[in-house]
Amino acid sequence: MTLFLIVLLPFVGALVPALTIRAGRDVCAAATGLISVTALGLLLAQAPAVMQGEVVHARLDWLPWLGLNANFFLDGLGLLFAGLILGIGVLIILYARFYLSKTDSMAHFYTYLLLFQGAMVGIVLSDNILMLLIFWELTSLSSFLLIGYWRHLPEGRQGARMALAVTGMGGLAMIGGMLILGDIAGSYDISVILENRDAIQASPLYVPALLLILLGCFTKSAQFPFHFWLPHAMAAPTPVSAYLHSATMVKAGLFLMARLWPVLSGTEIWFYLVATTGLVTMVVAALIALFKDDLKGLLAFSTVSHLGFITMLLGFGTPIAAVVAVFHIINHATFKCALFMPAGIIDHEAHTRDIKRLGGLRRLMPVTFVIAAIASLSMAGVPLLNGFISKEMMLEEASHTVWLGSDLFVPVLAPVGALFSVAYSFRYIGHVFFGPVRTDYPAKPHDPGFGMWIAPAFLVTLVVLIGVASDAMVGDLVATTSRAVIGSSELPYYSLKIWHGVTPALFMSIIAIVGGLVLLSAHRPLERLWRAISVFEAKAVFDAVVESIAAVGRRLTDGLHDGSMSRYAGVFFVTVLAAGGLAYFGGAVGAPTRDPLPIAVVPAIGWLLLVICTGCMIAYHRNRFLALVLMGVIGVIVSIGFAYLSAPDLALTQLSVEVVTIILLLLALNFLPRETPRESSQGKRLRDAAIGVVGGLGVGGLVYLMLMSDFAQPTISAFHLENSKTGGGGTNVVNVILVDFRSFDTFGEIIVLGIAALVIYAVTETVLRGETGRRLARWMPPEPGAGDRHPLMMVVATRVMMPIAIMVGVFIFLRGHNEPGGGFIAGLIVAIALVMQYMASGFAWAEARQRFPYHRMIAAGVLIAALTGIGAMIAGRPFLTSAFGYFQIPPMEEFELATAMAFDVGVFLTVVGAVMLSLESLSRIARHAGETVNLEPMDVMPEETETPEKETQ
Amino acid sequence: MNHWILAPVLLPAMIAALIVMFARHEVERQRVISILGTLALCAISVWLLMLAASGAIEVYEVGNWPAPFGIVLVLDRLSALMVLLTALLAIAVLLYAIGSGWDARGKHFHALFQFLLMGVCGAFLTGDVFNLFVFFEVLLIASYGLMIHGGGKQRLRAGVQYVAYNLLGSTLFLFALGAIYAVSGTLNMADLAQRAAEMPADEAAILRVGAVLLLLVFAVKAALLPLHFWLPATYSLTPAPVAALFAIMTKIGAYAILRVYTLVFGPDLSVMDGLVGDLLMPAALLTLIIGMVGILGSTELGRLAAFSAIGSMGTLLIAIAMFTPEATVAALYYMVHSTLATAALFLVVDLMTEHRPGAKGKIIPSPFHRYGGLTAALFFVSSIALAGMPPLSGFVGKLMIMDAARDSDLVWWIWAAILITSLIAVVGFARAGSSVFWKSAQEAAVEVPAHDDARQSESLALTATIDIIGAQVVVTELAGPIAGYLNATAGQLYAPAQYIGAVLRLEQG
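Protein chains in written order, with the numbering used here: chain A, 29 to 981; chain B, 62 to 570.
Since the hints were made in silico from the structure, they are not lab data.
Check before you lean on any hint, since a few could be wrong.
Where chain B lies over chain A, by a calculated footprint (3+ residues, C-beta under 8 Å) [unchecked claim]:
#, region
1, 82-91
2, 152-162
3, 598-607
4, 763-771
5, 795-802
6, 884-898
7, 905-914
Below 20 Å or equal to it, Euclidean Cα-Cα: the simulated SDA-like pairs (lysine to any residue) are [to be verified]:
#, chain 1, residue 1, chain 2, residue 2
8, B, K214, A, R797
9, B, K500, A, V574
10, B, K214, A, Q186
11, B, K500, A, Q186
12, B, K214, A, A696
13, B, K500, A, L181
14, A, K320, A, R385
None of these values were measured; they are calculated from a predicted model.
Think of the CB as a built atom: it goes at the ideal place given N, C-alpha and C, for glycine as much as any other residue.
Generate the whole structure from the sequences, applying the supplied hints.
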């Protein structure tokens with residue numbers, strides 16, 4: 029339970045800074061510090077048990093389906109790391125309180141810091157590798173916020189992005205590695221995985237898993253060649269750098285290598301990959317560090333170098349090397365943190381971190397000097413300080429390591445790394461603190477207040493104490509942790525004493541220190557040489573790579589998605605044809621079971637007309653009116669075709685739909701250019717034509733196949749034919765299907781129609797308010813009108829037609845259930861009758877004579893249809909269940925009433941409303957374009973002689 | 062027969078009609094009716110989910126005609142889940158639309174919104190392929206109306222492309238249905254499933270063509286490459302709340318694929334020969350790649366969000382294309398995540414656009430007038446969600462998908478695609494966020510007095526956005542129980558006999 033608390037505390041506590049900042053910066057810092065202290069206290073309470081060799085477990089099922097569970101455990105390794113994270117965290121919080129300036133938002137800073145702290149603690153306590161992955165990525169994300177904290181600095185932003193990209197990449201690779209690892213071990217729980225060493229190393233997937241996991245570790249721990257992000261992360265405020273680079277973020281990779289050391293290490297590939305990478309990193313980074321003028325840059329590369337140091341030790345794969353690694357982790361955390369903090373102090377006080385602009389600070393900042401000097405000496409590996417002991421032990425291990433058959437490679441390179449290390453450590457002291465006091469510091473440096481130096485001072489005390497009495501100070505901790513790393517209670521023999529006797533390591537140490545001092549004395553000429561030969565800048569490469577990927581992305585996305593509809597459609601057709609072809613040629617088709625009908629004269633004429641019209645359409649489609657006429661012809665032939673093929677309902681519907689659409693399209697076309705502009709080049713048109721021809725042939729072929737063979741299986745339509753009269757109460761099966769069998773479809777379709785009308789209305793409203801509306805207002809008809817917009821003859825004729833048409837509508841409606849007809853057709857017919865009035869006398873005149881708003885007509889239609897259906901529900905039947913009965917009112921003949929008729933009324937109303945609302949919308953456009961509103965039904969009233977009054981709206 | 066199954070379809074339809082009937086001119090009244098209706102829909106869908114969770118498959122025979130002759134609505138675990146997801150998303154989006162004042166920028170927003178809900182719920186519930194077509198039409202036309210809501214030249218132009226492209230899809234739908242009906246003689250999914258299984262091999266070609274064309278129709282809706290071309294312009298130019306609601310629209314395509322190609326043309330169906338998965342998987346991988354690369358390549362926030370929607374669909378379709386129960390559990394979990402995450406991002410992008418009028422939605426530094434800090438936090442979280450980084454549901458979903466991909470032949474491709482594109486997305490989001498939020502801080506902050514406020518109650522909009530993000534947190538936390546439900550859901554999908562038996566009233570056993 030306590031483990032959950034330890035992990036959760038920083039996350040929950042991340043809210044605290046924001047809540048307490050109003051009470052002042054001291055309260056905020058104290059509250060934040062209290063959270064870390066509490067977590068640390070909880071951790072230490074567990075420490076005695078862990079030191080006894082116990083492992084504390086806490087388990088909570090989260091997603092057992094996947095094996096992702098909130099399992100935590102605390103062993104020696106977890107204890108060490110969690111202790112470092114929380115302990116140094118407290119010091120950082122204290123330090124940051126005085127480091128941050130008044131303009132920096134402290135609440136943000138502490139929030140990010142606690143999030144990061146929580147993520148780190150989560151990593152080191154996880155007993156589930158998926159859980160660990162989550163925390164792992166969380167450290168990437170929260171460190172992104174921390175590094176980019178000074179968001180006004182371009183370096184901060186770039187550094188943050190680079191860190192996120194590199195460590196994020198590693199984290200993602202690790203996901204793959206962990207999934208493989210879990211698969212081999214049969215569990216994602218670390219405690220289980222650790223017991224499956226043989227299975228894991230025997231698995232053929234061991235190598236990919238190892239590579240992916242190491243990629244994660246190396247990127248996180250800034251191992252060569254992924255080291256380049258770390259120095260750029262130095263743009264962060266110093267407390268962040270100190271925290272990330274001493275005890276936390278970059279140690280996460282080391283932690284994981286140590287955590288999985290029992291199962292992953294000991295193979296050749298592990299040795300060559302890890303040890304070599306560590307060695308190369310140690311040497312290369314140390315060399316670079318020597319020539320860094322930025323104080324934090326120097327420390328950054330020194331961190332990289334020391335991380336390489338530890339990685340190499342872990343890579344050796346021997347228990348004793350692992351012990352040394354553990355010991356150096358402790359030592360590095362203490363002295364490195366104690367080095368960063370003075371760097372921040374110097375930056376804070378002198379307003380520069382450039383070594384070339386510093387020097388002579390020994391007298392001006394004595395306290396800082398003492399702290400920095402002790403820590404530097406420890407880093408250099410000078411006796412009596414903790415860095416010395418672990419370095420000695422490392423050199424000892426290196427001295428008898430054989431690499432690719434050579435027993436000189438590692439023993440030579442390791443002291444070289446140590447030598448560089450000595451050089452840059454002394455440079456930190458020599459070039460910053462010694463030398464003459466200068467007069468040209470950007471600001472006058474002096475020692476900071478107590479609050480800023482107490483934290484590093486505490487750390488250097490540890491450095492000295494561990495250096496002098498290492499066994500007493502950390503002997504137990506090293507032993508417990510090492511047991512956890514090695515995965516066995518048997519520790520190899522080692523001694524944490526200062527004096528190991530006259531060993532090869534001692535000589536190497538002496539060579540390193542002397543050589544380092546020599547190197548430093550020749551720093552100036554060497555630096556010139558270094559500047560001359562080092563042209564490679566990792567950041568430039570990284571930026572170039574990211575930029576080029578982004579540019580490719582931009583070209584790809586913008587190029588592919590350029591808004592060309594013809595190309596989009598082309599891709600659509602090609603895809604459909606290809607996939608359809610693939611499906612077709614993968615299966616068999618039965619032989620045709622039907623004979624083709626003989627070619628009769630009438631269908632042949634219709635066919636010819638269709639072909640001609642379609643051909644003309646291709647040739648003349650730019651002339652929009654002509655295209656509309658051709659469409660009309662095609663529509664009529666289709667209607668006739670329906671009639672000819674004994675589908676009178678379809679024919680009627682098609683015909684009335686044709687009429688309405690053509691009228692509406694004509695009205696719309698009035699305001700559009702007469703010609704469609706040419707937009708495609710000849711080549712594109714040819715391409716599109718080819719696609720079109722193939723597509724047409726494909727569809728034709730499919731239809732041919734469908735027509736030439738019978739249903740492979742019995743169709744459901746037999747049921748419809750049988751039950752139309754008995755179950756649906758109508759002999760017109762088409763109508764019964766529409767209003768009964770599949771009335772739910774119809775319900776949906778009338779809604780589609782209604783929505784379409786509402787959309788037309790809404791678009792018209794919107795468009796007329798905007799730029800298009802202003803353009804319309806300036807619109808002039810391309811050619812003069814007929815001058816007789818509402819001719820007498822037409823007005824009279826439509827008036828006569830009106831009652832007849834409505835009567836026909838009613839008739840069609842009523843007969844619908846048994847004969848061709850129905851609400852849909854009736855609605856269209858009545859709508860056409862109304863449209864005719866509007867055409868004859870103008871919309872405004874006609875509209876003024878009917879009061880029912882079309883919106884409501886649509887809504888009423890939908891509601892009536894729905895309520896009809898609900899009626900059945902009230903009667904205890906499913907929605908839209910129909911009922912019918914036969915009634916007789918003398919002297920009439922028996923007639924039938926069906927609830928389906930009420931439904932059909934809904935259909936009828938929706939259709940009329942939708943058509944009329946569309947018409948109204950178009951008429952609004954017309955009026956906007958300056959069309960006059962007539963108050964009289966026709967232009968020339970027969971009983972009047974003067975010209976009718978007109979007024980513009 | 063449980064009438065409540067019908068409610069998710071009927072209720073929004075009637076609410077919409079009532080709004081048109083009685084509240085056409087008063088936005089306030091529309092809002093009240095719309096919210097009440099959507100809340101009721103939420104309550105009903107929760108109840109339906111509880112009903113479905115028992116494992117029973119409820120069938121509703123509309124018009125009292127038995128399947129396959131009439132139309133049936135079917136409530137199983139999957140449809141209940143999708144309806145609930147729709148309802149919950151809808152209420153948040155609705156609040157945002159009201160809070161941001163988007164709904165008052167044109168006519169009939171609420172009516173169209175409710176009609177869209179009707180179409181979406183209908184598509185999830187129907188057990189009839191032709192009825193599915195009808196609902197596709199309902200939601201297409203309603204979404205078109207919503208998409209061009211508020212007008213503007215670019216938006217109208219994109220709207221034309223949207224509707225034209227989707228009408229191509231609708232036409233193809235009819236071809237597919239024609240082909241399927243021509244050989245099988247039925248339209249009911251359960252019936253079709255039985256008949257497809259019994260289809261003689263020498264008659265299979267047309268059925269295969271029909272099945273594949275149908276897949277392409279759904280692929281258009283799901284924005285699967287190379288049929289996704291309608292999406293970038295549409296989503297980036299759509300009013301934000303509508304774009305957020307559209308997060309569920311692409312899922313309809315994914316849902317339909319899952320439904321039809323487990324129930325009707327299942328992975329083991331001999332006449333299909335695994336063709337569906339073979340077509341789907343490479344396309345899904347490409348979709349993922351193009352989507353995530355698009356995030357990095359976008360110069361506008363709207364397009365960034367649109368491409369992340371595509372990428373998210375790619376991930377989802379990869380999981381679906383595997384057609385195994387494990388992968389389907391992962392897919393469904395990811396589907397829930399993807400819906401919420403995409404919706405949240407669109408709303409956040411809207412906040413970023415509205416409060417940074419200088420940038421006009423471009424990814425360039427430009428000072429915020431208000432809510433800079435809060436928006437930054439919301440963008441950070443939404444990006445994490447969409448890039449699939451922890452601790453949100455995207456990461457869990459991705460892990461589940463990768464875990465389930467183990468048995469696939471293409472496991473390395475899938476893993477590589479998912480991981481590498483995640484990195485690209487992370488970099489893309491980081492670049493965009495750094496440019497919009499961090500670089501803007503460098504510019505002199507312009508203090509602008511409260512701007513002409515079309516956006517009525519900002520806090521409502523912010524709350525709605527935070528709610529959707531909060532929902533993702535809940536989905537993450539409850540991953541265990543949710544996975545349990547989804548496991549049972551996948552169980553239902555891959556044992557379609559229960560579904561078929563329930564719909565066709567076959568005797569069990």
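Results of checking the hints against the structure:
Here the region 82-91 of chain A counts 3 residues with a CB under 8 Å from a CB of chain B, which clears the bar of 3, and the coverage holds. Only residues whose C-beta sits within less than 8 Å of a C-beta in chain B count toward coverage, and the region 152-162 of chain A has 3 of them, enough to reach three; the restraint holds. Only residues whose C-beta sits within less than 8 Å of a C-beta in chain B count toward coverage, and the region 598-607 of chain A has 5 of them, enough to reach three; the restraint holds. Proximity of the region 763-771 of chain A to chain B, defined as three or more residues with a beta carbon under 8 Å from a beta carbon of that chain, is established by the 4 residues found.
With 5 residues having a Cβ less than 8 Å from any Cβ of chain B, the region 795-802 of chain A passes the three-residue criterion, so the hint holds. Counting residues of the region 884-898 of chain A whose C-beta lies closer than 8 Å to any C-beta of chain B gives 9; at least three are required, and the coverage claim holds. Requiring three or more residues with a Cβ within less than 8 Å of a Cβ of chain B, the coverage given for the region 905-914 of chain A holds, as 6 such residues are present. Among the hinted pairs, K214 (chain B) with R797 (chain A) is consistent with the structure: their alpha-carbon atoms are about 12 Å apart, no more than 20 Å.
Only pairs whose Cα atoms come within 20 Å are accepted, and K500 (chain B) paired with V574 (chain A) is accepted, the gap being roughly 18 Å. With a C-alpha separation of about 37 Å, the suggested pair K214 (chain B) and Q186 (chain A) falls outside the 20 Å cut-off, and the hint is violated. Note on K500 (chain B) and Q186 (chain A): the hinted pairing holds, with a Cα-Cα distance of about 11 Å set against a maximum of 20 Å. Of the supplied pair hints, the one linking K214 (chain B) and A696 (chain A) holds, its CA atoms being roughly 18 Å apart against a limit of 20 Å.
In summary, the hint linking K500 (chain B) to L181 (chain A) is supported, as the alpha carbons are separated by about 8 Å, within the 20 Å threshold. Restraint check for K320 (chain A) and R385 (chain A): satisfied, since their Cα atoms lie roughly 13 Å apart, inside the 20 Å limit.
Hint 10 alone, counting from the list given before, is not met by this structure.
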